[in-house]
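Peer 1: Line by line, the protein sequences are chains A and B. In terms of my numbering, the first sequence is numbered consecutively and its last residue is 554. In terms of my numbering, the second sequence is numbered consecutively and its last residue is 320.
Hints in this document: simulated from the structure, not taken from any laboratory. Please note that a few of the clues may not be correct.
What the hints assert, rightly or not - Lysine-lysine pairs mimicking BS3-like chemistry, simulated, CA-CA at most 30 Å apart:
| # | chain 1 | residue 1 | chain 2 | residue 2 |
| --- | --- | --- | --- | --- |
| 1 | A | LYS364 | A | LYS434 |
| 2 | A | LYS364 | A | LYS407 |
| 3 | A | LYS364 | A | LYS325 |
| 4 | A | LYS308 | A | LYS325 |
| 5 | A | LYS434 | B | LYS187 |
| 6 | B | LYS187 | A | LYS407 |
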Amino acid sequence: MSELAIRRGAAPALAVRGLSYAYPQAAQPALEDVSLEVAPGEFVLLAGRSASGKSTLLKAACGLVPHFHGGEIEGEVQVADLDAIAAGPGELATAVGYLAQDPETQVVSTTVAAEIELPLEMRGDEPADRARAVEEVALALAIPHLLDRSVDTLSGGELQRVALAAALVTRPRLILLDEPTSQLDPVAGDELIWLLRRLNEEWGVAVLLAEHRLERCLAAADRVVAMEAGRLSFDGAPADFLAWARNADPALETPAARLFSLAGIDPLPIGVRAARQTLRGMGVAHPPNRSSRRVSDPHPQGPVLQVKGLWVELDRGEDPRDVLKGIDLTIQRGERVALMGRNGAGKSTLLRTAAGLHPPAAGKLTVDSIALLTQNPGDYLVRERVGDELLGDEGMAALRVVGLEDKIDADPRDLSGGERQRLALAIALAGRMKGENLPDLVALDEPTRGMDHARKGELVDLIDRLSGNGAFVDREATKSTGAAVVVATHDVEFASEFADRVVLLGDGVVIADGPMAEILSGGWYFATEVARVLDLPGVVTPEQGAAALREEAP
Amino acid sequence: MKSPFAYQPRSRPLQLASPSAAVAYLGALAVVAFLYSNPLVLAAAGVAAVVAGLLAGARRAVEFALKMGLSLAVLVVVVNALVVNRGETVVARLGDFPLLGPVDVTFEAIVAGLSMGLRAAVVLVLGAVYSACVDPDRVLRALRPLAGRSALTATLVSRLVPVAAADAARLRDAARLRGPSAAEVGKAPLARRLLAGSLDRAVDVAATLELRGYSLKAPRPRNRRSRSRYDRRFYAVAALLLAAAVAAKALGADDFQTYPGVEIGLGPATLALSAIVALSGLAPLRRKPKRHRPAADGTKTALYGSKSSRRQERREVARV
Numbered sequence: 001m002s003e004l005a006i007r008r009g010a011a012p013a014l015a016v017r018g019l020s021y022a023y024p025q026a027a028q029p030a031l032e033d034v035s036l037e038v039a040p041g042e043f044v045l046l047a048g049r050s051a052s053g054k055s056t057l058l059k060a061a062c063g064l065v066p067h068f069h070g071g072e073i074e075g076e077v078q079v080a081d082l083d084a085i086a087a088g089p090g091e092l093a094t095a096v097g098y099l100a101q102d103p104e105t106q107v108v109s110t111t112v113a114a115e116i117e118l119p120l121e122m123r124g125d126e127p128a129d130r131a132r133a134v135e136e137v138a139l140a141l142a143i144p145h146l147l148d149r150s151v152d153t154l155s156g157g158e159l160q161r162v163a164l165a166a167a168l169v170t171r172p173r174l175i176l177l178d179e180p181t182s183q184l185d186p187v188a189g190d191e192l193i194w195l196l197r198r199l200n201e202e203w204g205v206a207v208l209l210a211e212h213r214l215e216r217c218l219a220a221a222d223r224v225v226a227m228e229a230g231r232l233s234f235d236g237a238p239a240d241f242l243a244w245a246r247n248a249d250p251a252l253e254t255p256a257a258r259l260f261s262l263a264g265i266d267p268l269p270i271g272v273r274a275a276r277q278t279l280r281g282m283g284v285a286h287p288p289n290r291s292s293r294r295v296s297d298p299h300p301q302g303p304v305l306q307v308k309g310l311w312v313e314l315d316r317g318e319d320p321r322d323v324l325k326g327i328d329l330t331i332q333r334g335e336r337v338a339l340m341g342r343n344g345a346g347k348s349t350l351l352r353t354a355a356g357l358h359p360p361a362a363g364k365l366t367v368d369s370i371a372l373l374t375q376n377p378g379d380y381l382v383r384e385r386v387g388d389e390l391l392g393d394e395g396m397a398a399l400r401v402v403g404l405e406d407k408i409d410a411d412p413r414d415l416s417g418g419e420r421q422r423l424a425l426a427i428a429l430a431g432r433m434k435g436e437n438l439p440d441l442v443a444l445d446e447p448t449r450g451m452d453h454a455r456k457g458e459l460v461d462l463i464d465r466l467s468g469n470g471a472f473v474d475r476e477a478t479k480s481t482g483a484a485v486v487v488a489t490h491d492v493e494f495a496s497e498f499a500d501r502v503v504l505l506g507d508g509v510v511i512a513d514g515p516m517a518e519i520l521s522g523g524w525y526f527a528t529e530v531a532r533v534l535d536l537p538g539v540v541t542p543e544q545g546a547a548a549l550r551e552e553a554p
Numbered sequence: 001m002k003s004p005f006a007y008q009p010r011s012r013p014l015q016l017a018s019p020s021a022a023v024a025y026l027g028a029l030a031v032v033a034f035l036y037s038n039p040l041v042l043a044a045a046g047v048a049a050v051v052a053g054l055l056a057g058a059r060r061a062v063e064f065a066l067k068m069g070l071s072l073a074v075l076v077v078v079v080n081a082l083v084v085n086r087g088e089t090v091v092a093r094l095g096d097f098p099l100l101g102p103v104d105v106t107f108e109a110i111v112a113g114l115s116m117g118l119r120a121a122v123v124l125v126l127g128a129v130y131s132a133c134v135d136p137d138r139v140l141r142a143l144r145p146l147a148g149r150s151a152l153t154a155t156l157v158s159r160l161v162p163v164a165a166a167d168a169a170r171l172r173d174a175a176r177l178r179g180p181s182a183a184e185v186g187k188a189p190l191a192r193r194l195l196a197g198s199l200d201r202a203v204d205v206a207a208t209l210e211l212r213g214y215s216l217k218a219p220r221p222r223n224r225r226s227r228s229r230y231d232r233r234f235y236a237v238a239a240l241l242l243a244a245a246v247a248a249k250a251l252g253a254d255d256f257q258t259y260p261g262v263e264i265g266l267g268p269a270t271l272a273l274s275a276i277v278a279l280s281g282l283a284p285l286r287r288k289p290k291r292h293r294p295a296a297d298g299t300k301t302a303l304y305g306s307k308s309s310r311r312q313e314r315r316e317v318a319r320v
C-alpha cells in the first residue's frame with residue numbers, strides 16, 4: 001500500500017490477528033489468541049489487572065516482542081501495513097512510537113534536544129528537517145523551554161514529556177503507552193492524558209494506552225479493550241465497558257461508576273462530566289454549603305513524630321535548595337496519614353529526614369523508632385533466600401507481621417511484586433519492633449506505583465494491620481500494638497481507602513492538614529472522582545457518595 | 001546527588017561555543033601545562049583554568065577539582081620527596097627504611113614534586129571545566145561521522161555513569177534503612193545488586209535504542225555545523241596560546257632546573273608567557289550586551305557603548 005494511502009488512513013493503525021506469545025522459558029503464554037484492530041486516529045484504552053498481558057501486547061505492536069525478548073510467537077501483527085513480526089523495532093520506529101512506565105530508562109542522551117533528535121538522526125533525516133521536526137514536537141508538547149536542559153535536571157513529568165516527544169518526533173501513526181502516568185502526580189498525569197487526546201485529535205495519531213487508573217483516562221477514550229490472563233475479555237465503547245466490568249471484574253470499575261452502581265443509577269458515567277449530567281437530569285441537587293462530615297481525631301494515643309520548624313536543604317548538583325521550609329507536624333500513634341502533594345513538594349524528603357537520611361538544616365524532628373520503605377522495594381533485597389535476609393527471632397517476627405512466614409525458603413526474585421514489597425518492609429521493620437510491637441512509625445514512599453486495584457486492596461489491608469485498626473490476623477499471637485503509618489502517595493483514590501488524615505505539601509510547606517474526607521473533597525486535583533462528581537464536603541468514597549445520593553434522591 | 005563534573009547547559013560563552021572551539025581553547029591550556037615545567041608558567045595555567053571555569057559558571061566543578069588536584073599535588077610532593085634522594089639541600093634525614101633505604105628529604109625533590117603536582121592539578125581543573133561546560137552530546141555527534149557506533153557507545157556511557165552513581169546512592173540508602181535484625185549488607189552483595197541493576201538498565205536502554213531506530217541502516221546525514229559567535233574568540237585565544245608557548249620555549253622561557261640545585265628562570269620571555277597564559281583565562285568572559293533605549297526621534301541609541309556613543313547620546317539629549 002502506498003505511503004499516501006497509509007497516511008490517509010486506508011490501513012488500520014494496528015491489526016493483530018490470532019496472536020499468541022510465550023516469553024522464553026515461561027510456563028504460561030503471555031498472550032493467547034489475541035485479535036484486535038485499532039483504526040487510524042482512534043484512542044483505545046487497554047484495561048486489565050497486573051500480568052494480564054497488556055504490556056506484552058504493546059511490546060508486540062512495536063516489535064520488541066519477539067525481536068528483543070525472544071520467545072515463541074504465532075499469529076499476525078501489522079502496524080501501518082508493516083509486518084511487525086518480520087520487521088524489527090527499528091524498522092517500525094517510523095510508524096509506531098512507544099512510551100514505557102519509567103521515563104528514566106527511556107532517555108539515552110544528555111540533553112533534551114539531542115534526545116528528541118536521535119530517532120531522526122538514526123533515520124537519516126537531513127539537519128534542516130530534523131531541526132524543524134524537533135521544534136514542532138517541542139511546541140506541540142509545550143516543552144520548547146526544556147530543549148537546552150540537561151535530562152537529569154528534569155522532573156518526572158518533564159522527563160515523561162521528553163520521552164513522549166522522542167516517540168512522536170518521527171510522526172508515527174500509532175503511539176503505544178504503557179502506564180505513562182504511574183509515576184506522575186495528579187496534575188502531571190491529567191495533563192499528559194489530555195495532551196494525548198489533543199495530539200490524537202489534531203495530529204490524527206492513533207493511541208493505545210494501557211492504564212490502571214481508568215478514571216483518569218476513560219473519558220478521553222473512544223474505545224476500551226480489557227485483557228485477562230493473556231486474552232481479550234472485552235472490546236467495546238467506554239460506557240459498555242463499565243456495564244461489563246460491574247459484573248465481570250468489579251476491580252476495573254471506576255469510582256464514579258461504582259458510585260452509580262451502589263446507588264442504582266444508570267447509565268454508568270465514563271467521567272465526572274457525564275456523571276454530573278446524569279445527576280442533573282435526575283433532578284438531584286446538592287445544597288452548596290452542606291456541613292462537612294468532619295471526623296473527630298480518633299487517635300489521642302500520644303505523638304510518635306513531632307516536627308517543629310523543620311528546614312531541609314538538598315544539594316542536587318546545582319545550587320543548594322530548601323526542600324522543606326519550616327514544617328510543623330505531629331503524628332499520633334495508630335494514625336494513618338496520607339502525605340500528598342505534587343512531584344517535588346517535599347514528601348519523600350520529609351520521610352527520609354525522619355529516617356535519618358537527611359540532616360535538618362534547622363528546626364527539630366523527634367521520632368523514637370521508624371521503619372521506612374522507599375520507592376524501590378527491590379533495593380532492599382540482596383540475598384537469594386527470604387530467610388537469609390532476616391536474622392533471629394526479631395527477623396521472624398517482622399516476617400510474621402507482613403504475613404510472609406511461609407515464604408522463608410523462597411528466592412525473593414520468585415515472589416510476586418506485592419510479596420517483594422512486603423518482604424522489603426519486613427527488612428525495614430526487623431529489629432525495630434519492641435518485642436512483638438511495631439515501631440512507632442512505619443513510612444511508605446509511593447508504594448502503589450504500577451499496582452492494580454486488587455493489589456492496592458491488599459496494601460490497604462496491610463496498612464490496616466500495621467496501624468492496629470484492621471483485623472490483624474495474628475494479633476492474638478503477636479500481641480502487636482499499632483504503629484502510626486505515613487504513606488507518601490499521588491494516588492487520591494488509594495488515599496481515600498486507607499487514610500484517616502491527609503497532609504498536603506506544596507513547595508516544602510504544609511498547605512492543608514486535616515481529616516481525609518475533608519481534604520480530599522475540597523479541591524480539584526487532590527480530590528477523589530466521587531468528590532468531584534458530587535462536590536459534597538466530606539464525601540469521597542463511592543460508598544459515602546451512594547449513601548448521600550440515597551438521602552438526596554427525589 | 002548530581003556529580004559536580006556533570007555537564008550543565010548554561011548561556012555562557014564556553015557552553016555556547018562549538019565543541020571544537022571549546023576543546024581547542026581548553027586543549028591549548030593543557031598543552032602549555034604539559035610543555036612547561038616552570039612553576040610560574042604552570043601557576044599561570046592554573047589561574048587561567050580556574051578563572052575560565054568560574055567565568056563559565058562551573059564553580060562547583062572547579063572547587064571539587066581544586067580540592068582533588070591539591071590533594072594529588074601534596075601526595076606527589078610527599079612521594080617524590082621520599083623516593084628521590086637527589087639534590088644538594090637536605091632538609092631532613094629520616095634514616096633507613098626497609099624498602100626505600102636511606103631517606104634524605106631534599107629541597108630540590110620537594111620543588112620537583114611541586115612542579116609535577118601543580119601540573120597534575122592544572123590538568124585536573126581543565127578536565128573538570130571541560131566536563132562541566134562542554135556538551136558531550138555535541139562532542140560525540142561531531143565524532144559520529146568518524147566512528148558512529150563508538151560515539152554512540154560513548155554517549156550511552158556518559159549517560160549511564162551518573163545513572164549508576166544514582167543507583168548506588170539509592171542502594172546505600174536502602175542498606176542504611178534496613179532494620180538492625182536484617183542481615184547485614186556487605187560490599188559484595190551490594191556490588192552484585194548494583195551490577196544486576198546496571199544490566200537491567202542496559203537492557204532497557206538497548207530496547208529504547210532499538211525503538212529509536214538504532215538498527216536502521218539509513219545513511220547517516222552530515223551534521224549541521226554548530227557554530228557560535230564565540231567560536232572565533234576561542235580559536236584565536238587557542239592559537240595565541242600555542243604560538244606564544246612555542247615561541248617562548250624557543251626563547252628559553254622554560255628555564256627550570258631542580259637537580260642538583262633549584263634554578264627557576266624568570267626572564268622576560270617567561271614573564272610574558274605567564275602573563276599571556278593567565279590572561280587567557282578571561283576568554284570565557286561574557287561581555288554585557290549593549291542596552292538600547294529609543295531616542296526621542298524613535299531611533300535606538302546605545303546607552304552603554306563607547307565614549308563616542310555616550311557623547312552622541314549627550315548631544316541628542318541636549319538637542320531635545
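Peer 1: Hint by hint, note whether the structure agrees.
Peer 2: The hints, checked one at a time:
1. A:LYS364 to A:LYS434: holds, 24 Å
2. A:LYS364 to A:LYS407: violated, 40 Å
3. A:LYS364 to A:LYS325: holds, 12 Å
4. A:LYS308 to A:LYS325: Between LYS308 of chain A and LYS325 of chain A the Cα gap is close to 11 Å, so the pair holds against 30 Å.
5. A:LYS434 to B:LYS187: holds, 29 Å
6. B:LYS187 to A:LYS407: holds, 26 Å
Violated hints amount to a single one, hint 2; each of the other numbered hints is respected by the structure.
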